[in-house]
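**Q** The chain contents come next:
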Amino acid sequence: MKKSFWKIAAVAFASLFVCTGCGILGGGTSGGGGEEEDESTFGSASGKTVVTYYSFNNEQTNRELQKAVEEDFNVKYPGIHVDLRISTGSFFTNVFNDFAGGTAADIIGMEPGEIAPFVMYDYLEPLDEYFASSEIVHQDDIWAVNKQAYCYDQSTMKFGTGKLYAVMKDWSTDAMLFYNKALLSEEQLAIIGRDANNDGIGDPMTFDEFSKLAVDLIKSDSKGSVTQYGYLPGLHEAKVLAQFLANAGLSWFDPATGYSTFKNADVQNVLNMYYTVLAKNDKDHAPGNPYPIFRQGQVAMCMGGLYCTDMYDFDGLGDNLGIAYPPVKTRTAETTESIPYTTGCVGFAINKESKSKKASFRFIEWYLDYFGAQDARKLNNFPALQKYADSIMLNPEINTNATMRRIAACFNESLKRAAVIDRNLWCSQASFEGIENMYAGELMETIRGKNNNRPLSDFCDILDSGIRNQVDQRKRDYETRG
Amino acid sequence: MKRQTKTVVQFLGYVSPWLVGFSCFGLFPMVYSLYMSFCSYMMVGKPIWIGFQNFIDLFTKERFFYKTFANTFVFMTATTVATLVLGLLFSVLINSIPRCKRFFQTVYYLPAILPFIAGTMLWESMYARFGILNGILGNLGLGPIEFLNTNNAMTSLVVMSVWGGIGGKITMLLPAVAAVPQEQLESMDLDGANAWSKFVHVTLPMISPTLFYLLIMDIIGGLQAYGPMMMLGGGTATITATLQIYNYAMIDHLMGYASAYAWIVFVLVLIVTVIFFKFGGRKVYYADGD
Numbered sequence: 000m001k002k003s004f005w006k007i008a009a010v011a012f013a014s015l016f017v018c019t020g021c022g023i024l025g026g027g028t029s030g031g032g033g034e035e036e037d038e039s040t041f042g043s044a045s046g047k048t049v050v051t052y053y054s055f056n057n058e059q060t061n062r063e064l065q066k067a068v069e070e071d072f073n074v075k076y077p078g079i080h081v082d083l084r085i086s087t088g089s090f091f092t093n094v095f096n097d098f099a100g101g102t103a104a105d106i107i108g109m110e111p112g113e114i115a116p117f118v119m120y121d122y123l124e125p126l127d128e129y130f131a132s133s134e135i136v137h138q139d140d141i142w143a144v145n146k147q148a149y150c151y152d153q154s155t156m157k158f159g160t161g162k163l164y165a166v167m168k169d170w171s172t173d174a175m176l177f178y179n180k181a182l183l184s185e186e187q188l189a190i191i192g193r194d195a196n197n198d199g200i201g202d203p204m205t206f207d208e209f210s211k212l213a214v215d216l217i218k219s220d221s222k223g224s225v226t227q228y229g230y231l232p233g234l235h236e237a238k239v240l241a242q243f244l245a246n247a248g249l250s251w252f253d254p255a256t257g258y259s260t261f262k263n264a265d266v267q268n269v270l271n272m273y274y275t276v277l278a279k280n281d282k283d284h285a286p287g288n289p290y291p292i293f294r295q296g297q298v299a300m301c302m303g304g305l306y307c308t309d310m311y312d313f314d315g316l317g318d319n320l321g322i323a324y325p326p327v328k329t330r331t332a333e334t335t336e337s338i339p340y341t342t343g344c345v346g347f348a349i350n351k352e353s354k355s356k357k358a359s360f361r362f363i364e365w366y367l368d369y370f371g372a373q374d375a376r377k378l379n380n381f382p383a384l385q386k387y388a389d390s391i392m393l394n395p396e397i398n399t400n401a402t403m404r405r406i407a408a409c410f411n412e413s414l415k416r417a418a419v420i421d422r423n424l425w426c427s428q429a430s431f432e433g434i435e436n437m438y439a440g441e442l443m444e445t446i447r448g449k450n451n452n453r454p455l456s457d458f459c460d461i462l463d464s465g466i467r468n469q470v471d472q473r474k475r476d477y478e479t480r481g
Numbered sequence: 000m001k002r003q004t005k006t007v008v009q010f011l012g013y014v015s016p017w018l019v020g021f022s023c024f025g026l027f028p029m030v031y032s033l034y035m036s037f038c039s040y041m042m043v044g045k046p047i048w049i050g051f052q053n054f055i056d057l058f059t060k061e062r063f064f065y066k067t068f069a070n071t072f073v074f075m076t077a078t079t080v081a082t083l084v085l086g087l088l089f090s091v092l093i094n095s096i097p098r099c100k101r102f103f104q105t106v107y108y109l110p111a112i113l114p115f116i117a118g119t120m121l122w123e124s125m126y127a128r129f130g131i132l133n134g135i136l137g138n139l140g141l142g143p144i145e146f147l148n149t150n151n152a153m154t155s156l157v158v159m160s161v162w163g164g165i166g167g168k169i170t171m172l173l174p175a176v177a178a179v180p181q182e183q184l185e186s187m188d189l190d191g192a193n194a195w196s197k198f199v200h201v202t203l204p205m206i207s208p209t210l211f212y213l214l215i216m217d218i219i220g221g222l223q224a225y226g227p228m229m230m231l232g233g234g235t236a237t238i239t240a241t242l243q244i245y246n247y248a249m250i251d252h253l254m255g256y257a258s259a260y261a262w263i264v265f266v267l268v269l270i271v272t273v274i275f276f277k278f279g280g281r282k283v284y285y286a287d288g289d
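Chains as they are written, first to last, in numbering that gives the first Met the number 0: chain A, 0 to 481; chain B, 0 to 289.
Simulated from the structure, these hints should not be mistaken for laboratory data. Errors might be hidden in some of the hints.
Unchecked claim - Computed list of lysine-lysine pairs in DSBU-like fashion (alpha-carbon distance at most 35 Å, straight line):
1) B:Lys-45 - A:Lys-162
2) A:Lys-449 - B:Lys-60
3) A:Lys-157 - A:Lys-474
My request is simple: use the sequences and hints to build the entire structure.
**A** Written out as structure tokens, the structure reads:
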């Protein structure tokens with residue numbers, strides 16, 4: 000009996016151990032290295048400082064990053080060990096969980112559309128002083144739009160001013176209107192290719208010109224199935240919608256209250272134009288990703304980023320590939336400025352509770368520099384450092400592909416005028432997109448006459464009430480916490 | 000150590016692996032989510048007690064609150080009835096053939112082996128405007144059908160779920176059907192009963208415990224459905240309570256609100272299950288008389 004008692008006790012202890020172990024393993028990240036930072040050890044292998052980087056990179060990107068860390072970063076900083084961790088679930092949910100549990104990584108992937116609660120609740124380390132003292136990355140090298148994306152002033156609760164809380168790792172924004180010249184007539188090309196300053200980028204069309212083209216360019220077979228799309232947005236319909244609103248001088252929320260503007264008649268006009276274009280292009284039944292079929296010549300216009308040229312072989316269209324700015328509501332001498340949208344990108348932020356902040360910043364500045372040069376050579380994402388755009392991408396001696404150089408020049412110009420738009424402190428971009436995705440299909444069915452359940456007013460009402468619910472809850476939470 | 004104490008310790012030792020696991024990963028999250036349902040919690044800081052405010056908001060402000068429950072019940076009823084009826088039908092048919100039982104059992108079970116995500120993606124491509132189903136319809140001079148539009152989405156999701164669930168039912172029901180005592184069926188033969196009478200008066204009562212178990216599990220599973228809707232969409236035509244809970248918790252990070260929603264679903268599942276146990280259980284035949 001005594002023997003069996005100890006056996007049972009051992010089994011119970013083992014089970015407790017296993018369960019506790021599961022809890023630890025499932026709990027996420029290390030909590031920032033665990034030791035006080037000693038910069039003198041960064042250059043030596045003794046007493047390594049651990050830096051954890053948590054991102055939603057895919058496996059391949061992470062492998063490439065791991066390889067670069069081993070081949071370059073570890074040579075430069077043998078005293079820092081970088082632990083790369085990728086998310087397998089809902090990234091920002093995991094990050095919130097990690098912060099709540101005190102196990103957040105030292106460096107966290109951060110989107111402009113999601114940053115608000117992290118800075119409001121003081122989870123992130125301001126980076127201004129780190130950049131001021133950096134010998135590798137100078138503030139002047141970072142695109143001005145980065146400030147709009149990641150600066151925040153808690154006293155005024157406004158973005159674009161105040162301290163810098165993150166830096167973009169690269170710019171993969173779906174900011175430009177690509178078109179296939181082979182599918183357009185001479186008259187249509189004259190509209191979309193109008194280029195007053197002769198910089199190789201089409202001046203923005205008006206919404207009327209754009210929506211007419213987007214519908215006129217649709218071709219169907221005898222059964223009514225679309226064989227050529229006039230316009231399909233990029234991978235992020237809601238983000239492109241936000242861009243259309245910005246280019247009409249509007250926003251999807253009221254900055255004073257955080258509530259939506261979907262009951263505003265001007266906003267509804269833009270929504271109506273945008274969803275009518277999508278509905279007539281049969282959007283809710285078309286493939287989610289328009290880029291492969293754009294390359295195959297089945298889409299006349301789409302919104303995309305520089306990465307499309309490499310990843311989807313857009314440059315294979317050669318001289319048939321046209322690029323224009325996103326359309327604007329009115330096009331007069333004063334209002335031809337199109338605002339390319341930029342918040343589809345991801346940046347780096349440092350956990351305020353990290354014990355390896357300086358080492359974390361070493362990794363960030365290394366990344367910006369190393370991958371900035373790499374991206375510029377590959378012409379994939381646009382580099383975070385402006386100097387590499389000038390010295391590599393636009394340099395005909397290095398970038399010998401004329402088509403790619405032309406595309407890079409377009410994006411270079413677009414990033415100079417780019418803006419980060421539509422941040423709502425009380426409702427994240429993902430939440431807005433979630434509501435939009437859930438109901439936009441029904442609105443488009445109604446526009447096509449396939450059902451009568453969801454007129455525009457009802458759709459706007461749903462979006463408004465969905466956002467209002469979240470804004471109210473978050474405000475209540477914030478005010479209750481004081 | 001007294002013998003009784005030893006027995007208690009021994010018992011606790013044996014059950015401790017399950018007890019610890021359940022306490023950590025089942026009981027604690029449940030109790031904590033009940034607490035959170037009375038709190039404002041956006042996954043930052045600590046939950047703040049707000050009383051019944053989340054429940055009040057759900058019943059008064061949530062636009063599709065009742066719609067989500069209506070959709071949930073439609074989906075649960077359709078999938079439960081269809082999978083059980085078809086599962087039983089195929090089980091009886093497979094049981095009646097003299098050979099290749101294993102082959103058919105395996106064939107019907109194959110969809111259940113396929114990972115859910117892969118199976119759903121398969122159906123997504125089949126349901127597409129230019130998918131194989133519309134291709135077949137086109138060759139017959141019919142269609143195209145928009146399988147996932149507002150009018151058809153719920154039916155399409157039910158068909159997909161029945162396809163995935165029928166194999167599991169056959170696996171459970173086939174042994175039950177095969178275990179029906181032959182002598183009882185033969186005695187009914189002698190009385191001149193037809194196949195339908197034998198099925199209703201002998202087979203069905205004998206397999207009723209298995210059927211009842213499957214029914215309860217299907218009801219519980221159906222009331223928690225969210226995967227097919229999340230993957231294939233369908234807007235307000237298919238949105239279920241659990242999908243809304245997922246959206247509020249995982250996308251909007253309104254954990255208190257989502258917890259309140261989840262507890263309402265829990266109470267509903269509990270009520271439905273109790274009703275079925277109370278009234279449905281009476282019809283179940285247990286050979287040992289229980």
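**Q** Each hint needs a verdict: does it hold in this structure or not?
**A** Here is what the structure says about each hint:
{"no.": "1", "hint": "B:Lys-45 - A:Lys-162", "result": "holds, 26 Å"}
{"no.": "2", "hint": "A:Lys-449 - B:Lys-60", "result": "holds, 29 Å"}
{"no.": "3", "hint": "A:Lys-157 - A:Lys-474", "result": "holds, 15 Å"}
No hint from the list above goes unmet by this structure.
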